[in-house]
Amino acid sequence: MTSVHSTEVWLLGTPICRGIAIGSPFLLAPRDEAVVESSIAEGDVEAEVARYRKAIEGALQELRALQSRLHKEQIFDGAAILDAHVQMLQDPLLTVHVEAQIRNLNKNSEFLLKQVITECQKKFQTLEDPFFQERFKDLQGLGRRIMGHLNACNSLCLNEIPAGSIVIADDLTACDSAEANGIYVSAFVTRSGGATSHAAIVAKAKGIPYVSSVDIDSICRDAKTALLPMSIIVDGRTGEIVINPKEETLQKYRTLHSQLQHHMQKLKETGKLQAETYDGYLINLSANVEMVSEVELIHQFGGGGVGLLRTESAFLSREDFPSEEEQFEMYRQFVVKMDGLPIAIRAFDLGGDKYLKNHPASYECNPFLGCRAIRFLLRNPKIFKSQLRAILRASAHGKVSVMFPLVSALSELIEAKYLLNEAKEELKAEGFPVAEEMLIGCMIEVPSAAVIADLLAKECDFLSIGTNDLVQYALAVDRSNHVLSALYAPTHPSVIRLIRLIVNEANHHGIPVTVCGEVAADPRFTPLLLGLGVHELSVTPRHIPIIKNAIRNTSIVLASKLADKALELSSAEEIEELLMKEYRRNVPEDCIYNC
Amino acid sequence: MKLIRKVRVKNVLGLHTRPATVIVKLLQNCKSEVTFACRREIINAKSILSILMLAAKQHSQITVTVDGEDAEEIMGKLAMAFDSRFGE
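Residue numbers (this note's numbering), protein chains in the order written: chain A, 5 to 599; chain B, 148 to 235.
Incorrect hints may appear among the rest.
As the list claims (entries may be wrong) - In silico DMTMM-like pairs for lysine to aspartate or glutamate, Cα to Cα no more than 25 Å straight-line:
1) A:K250 / A:D219
2) A:K276 / A:E298
3) A:K118 / B:E188
4) B:K153 / A:D133
5) B:K204 / A:E164
6) B:K204 / A:D594
7) B:K157 / A:D482
8) A:K389 / A:E419
9) A:K386 / A:D343
10) A:K428 / A:E440
11) B:K172 / A:E66
12) A:K76 / A:E164
13) B:K224 / A:D324
14) B:K172 / A:E316
15) A:K462 / A:E419
16) A:K126 / B:E188
17) A:K386 / A:E329
18) B:K153 / B:E235
19) B:K178 / A:D133
20) B:K153 / A:E368
21) A:K462 / A:E416
22) A:K118 / A:E183
23) B:K224 / A:D87
24) B:K172 / A:D87
25) A:K276 / A:D324
26) B:K172 / A:E330
27) B:K204 / A:E123
28) A:K272 / A:D594
29) A:K127 / B:E180
30) B:K172 / B:E219
31) A:K210 / A:D87
32) A:K58 / A:D48
33) B:K178 / A:E330
34) B:K172 / A:E138
Simulated from the structure, these hints should not be mistaken for lab results.
Just need the whole structure built from these sequences, with the hints factored in.
Written out as structure tokens, the structure reads:
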């Protein structure tokens with residue numbers, strides 16, 4: 005046999021998370037050590053039960069710490085996924101049942117736990133649906149975690165591996181990627197695992213390059229001596245893995261890697277820069293938020309304010325609407341954290357399929373066309389007034405504006421304004437300080453609202469386009485419908501024309517227009533939106549740097565020309581191609597990242 | 148009091164992780180025994196693993212049995228949870 009791994013070998017896997025890593029491989033062996041069955045003396049049974057309980061407690065504490073870390077890192081999806089794991093750890097099958105087995109059979113915890121998991125495995129394997137079958141992986145991971153606590157010496161934390169390691173494994177659980185610290189783990193390479201797996205979601209949120217569907221045996225061909233190659237390169241953009249790279253390959257990737265680092269660093273530094281085009285046209289770049297902890301990012305990235313505060317998220321898991329006092333406290337905290345920057349608070353967008361337990365919507369066969377948002381609020385004036393009062397009280401502490409969701413008729417805006425005014429007068433009579441001139445905004449999410457934008461613009465201080473909903477309603481396409489996913493296209497000519505219509509009417513009446521849907525956070529759309537005349541873009545805080553960069557890399561002159569061209573095209577595909585070309589031309593460095 | 152009721156799974160992805168988590172959280176402090184019967188299996192609804200192993204797909208019919216002092220309240224909450232697609 006030739007000297008192991010002297011030739012450069014290229015493998016191809018499925019790219020899951022972009023990025024480039026160069027490092028030494030670390031094989032994450034499955035920790036399924038042989039489990040020894042042993043008998044427990046009658047007098048020691050309770051001690052064994054206590055030992056098992058302690059192991060479960062330990063695992064539970066670890067998961068909760070992980071969840072809390074993910075929350076701090078703003079990876080909310082990841083934290084929610086771990087929620088299910090926390091519930092599994094408290095499942096009677098893993099707790100009450102195992103303890104009963106210990107007492108009944110006088111056997112050790114490891115053996116009995118393994119039995120329970122093996123039984124579950126058999127059950128999971130009989131399920132036809134691969135999606136449900138996948139859930140066994142979560143249980144397996146949990147089993148390993150508990151075992152780790154039962155045999156303290158067997159557990160291996162991903163933070164105990166050499167820094168800069170590229171972790172190679174058969175598969176990953178969400179806990180593995182959640183634990184991974186970017187310093188120790190520079191990339192993941194696995195044999196199996198899909199882009200929508202929980203592990204992938206967490207890895208993507210952390211920005212750790214990840215390639216799956218790789219023949220990992222080829223990486224460690226000499227399994228007997230477990231000799232791993234000295235270095236490998238992982239290209240998360242293309243899915244390529246290079247084993248034992250030649251010097252020139254190494255050089256090429258080192259250059260790419262440093263270009264990427266440089267680009268990411270530049271993006272981070274845009275915090276101090278203005279969101280203006282290179283010919284000096286200033287845009288308001290603000291953020292869509294739900295939690296007070298997100299405000300810090302706005303200051304860090306140099307955002308101009310909050311363009312959308314979703315008020316319902318904080319209360320969705322509750323049984324009933326929060327009191328005026330509770331709401332005031334939450335809004336006040338936001339306003340104070342904003343430190344003088346403006347904040348637009350949107351009234352509850354609830355009802356239909358999003359509701360609170362004590363206020364279930366009566367059955368609607370079409371919740372998206374049902375009693376939601378402003379329609380729900382106007383039919384529940386007590387709830388609406390209570391929120392308006394809380395917002396008005398918060399307005400005394402900073403630059404607050406209020407927005408009404410899903411307005412589809414002028415009468416709704418008028419009625420809402422009337423209630424707002426009533427609330428203001430009441431508060432003043434009660435001696436509460438309120439801002440004299442709180443700005444009022446109208447969300448444009450429904451085509452009818454777009455078409456009567458002129459009538460609405462006369463009655464409010466700004467318009468905010470919620471493109472996510474507007475595109476669905478305008479194109480009559482359910483975004484979650486896989487069969488029709490190609491039809492859902494924000495680049496559809498009708499959407500571009502609607503935005504142009506809304507901006508024109510707003511300009512006539514001298515009021516600004518914000519775009520707060522997903523397209524605002526897509527740098528390919530930035531010049532188009534600017535060229536159409538949009539004055540403010542509101543995006544999730546972590547997208548502020550990339551959009552600011554896109555703004556700074558275009559001129560309002562070019563942007564307007566782009567918009568004019570787009571308005572002449574007749575299909576979503578043509579418009580998308582136009583935007584992509586312009587994007588590659590304006591911001592070529594972004595493309596190293598996006599390939 | 149023992150209550151028995153048939154419900155349908157409306158969620159597109161069936162009773163997957165999210166709905167299962169909602170159910171066990173809902174039943175956390177429940178004082179009654181709760182079981183789900185689907186096809187020919189009967190499981191303890193307070194066990195998230197059991198719910199997942201049931202792999203109930205969209206449109207499956209589930210017979211919910213709640214037996215205990217807070218049966219009415221729990222059955223009401225469960226029925227509503229199923230009906231509202233568990234908030235999805």
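To see whether the hints hold, each was checked on the structure:
1. A threshold of 25 Å between alpha carbons decides the hint, and for K250 of chain A with D219 of chain A the separation of about 21 Å falls inside it, so the pair holds.
2. With a C-alpha separation of about 18 Å, the suggested pairing of K276 of chain A with E298 of chain A holds against the 25 Å cut-off.
3. Distance restraint check for K118 of chain A and E188 of chain B: the Cα-Cα separation of roughly 23 Å lies within the 25 Å cut-off, and the hinted pair is therefore satisfied.
4. As the CA atoms of K153 of chain B and D133 of chain A are separated by approximately 23 Å, the hinted pair is consistent with the 25 Å bound.
5. As the CA atoms of K204 of chain B and E164 of chain A are separated by approximately 41 Å, the hinted pair breaks the 25 Å bound.
6. Between K204 of chain B and D594 of chain A the alpha-carbon distance is near 42 Å, which puts this suggested pair outside the 25 Å criterion.
7. Distance hint between K157 of chain B and D482 of chain A is fulfilled; the C-alpha atoms sit about 17 Å from each other, no more than 25 Å.
8. For the hint linking K389 of chain A to E419 of chain A, the alpha-carbon distance of about 12 Å falls within 25 Å, and the restraint holds.
9. Among the hinted pairs, K386 of chain A with D343 of chain A is inconsistent with the structure: their alpha-carbon atoms are about 31 Å apart, more than 25 Å.
10. Distance hint between K428 of chain A and E440 of chain A is fulfilled; the C-alpha atoms sit about 9 Å from each other, no more than 25 Å.
11. Restraint check for K172 of chain B and E66 of chain A: the C-alpha separation of about 20 Å stays at or below 25 Å, so the hint holds.
12. Our distance criterion of 25 Å between C-alpha atoms is met by K76 of chain A and E164 of chain A, whose separation comes to about 22 Å.
13. At roughly 14 Å between alpha-carbon atoms, K224 of chain B and D324 of chain A fall within 25 Å of each other, so this suggested pair holds.
14. For the given pair, K172 of chain B sits about 21 Å from E316 of chain A by alpha-carbon distance, which is consistent with the 25 Å threshold.
15. Pair hint K462 of chain A plus E419 of chain A holds up; C-alpha atoms about 15 Å apart against a cutoff of 25 Å.
16. For the proposed pair K126 of chain A and E188 of chain B, the alpha carbon gap of about 15 Å is at most 25 Å, so the pair holds.
17. Annotation: proposed proximity of K386 of chain A to E329 of chain A holds, straight-line Cα distance about 14 Å (limit 25 Å).
18. A threshold of 25 Å between alpha carbons decides the hint, and for K153 of chain B with E235 of chain B the separation of about 21 Å falls inside it, so the pair holds.
19. Between K178 of chain B and D133 of chain A, the direct Cα distance comes to roughly 33 Å. Violation of the 25 Å bound is thereby established for this hinted pair.
20. As the CA atoms of K153 of chain B and E368 of chain A are separated by approximately 20 Å, the hinted pair is consistent with the 25 Å bound.
21. Only pairs whose Cα atoms come within 25 Å are accepted, and K462 of chain A paired with E416 of chain A is accepted, the gap being roughly 14 Å.
22. With a C-alpha separation of about 24 Å, the suggested pair K118 of chain A and E183 of chain A falls inside the 25 Å cut-off, and the hint holds.
23. Of the supplied pair hints, the one linking K224 of chain B and D87 of chain A holds, its CA atoms being roughly 21 Å apart against a limit of 25 Å.
24. In summary, the hint linking K172 of chain B to D87 of chain A is supported, as the alpha carbons are separated by about 10 Å, within the 25 Å threshold.
25. About 42 Å separates the Cα atoms of K276 of chain A and D324 of chain A, which puts this hinted pair outside 25 Å; it is violated.
26. Straight-line distance between C-alpha atoms of K172 of chain B and E330 of chain A comes to about 24 Å, which keeps the hinted pair within the 25 Å bound.
27. For the proposed pair K204 of chain B and E123 of chain A, the alpha carbon gap of about 22 Å is at most 25 Å, so the pair holds.
28. Distance hint between K272 of chain A and D594 of chain A is fulfilled; the C-alpha atoms sit about 13 Å from each other, no more than 25 Å.
29. Distance hint between K127 of chain A and E180 of chain B is fulfilled; the C-alpha atoms sit about 23 Å from each other, no more than 25 Å.
30. In summary, the hint linking K172 of chain B to E219 of chain B is supported, as the alpha carbons are separated by about 17 Å, within the 25 Å threshold.
31. In summary, the hint linking K210 of chain A to D87 of chain A is supported, as the alpha carbons are separated by about 18 Å, within the 25 Å threshold.
32. The straight-line distance between the Cα atoms of K58 of chain A and D48 of chain A is roughly 15 Å, inside the 25 Å bound, and the hint therefore holds.
33. For the suggested pair K178 of chain B and E330 of chain A, the alpha carbons sit about 30 Å apart, so the restraint of at most 25 Å is broken.
34. As the CA atoms of K172 of chain B and E138 of chain A are separated by approximately 22 Å, the hinted pair is consistent with the 25 Å bound.
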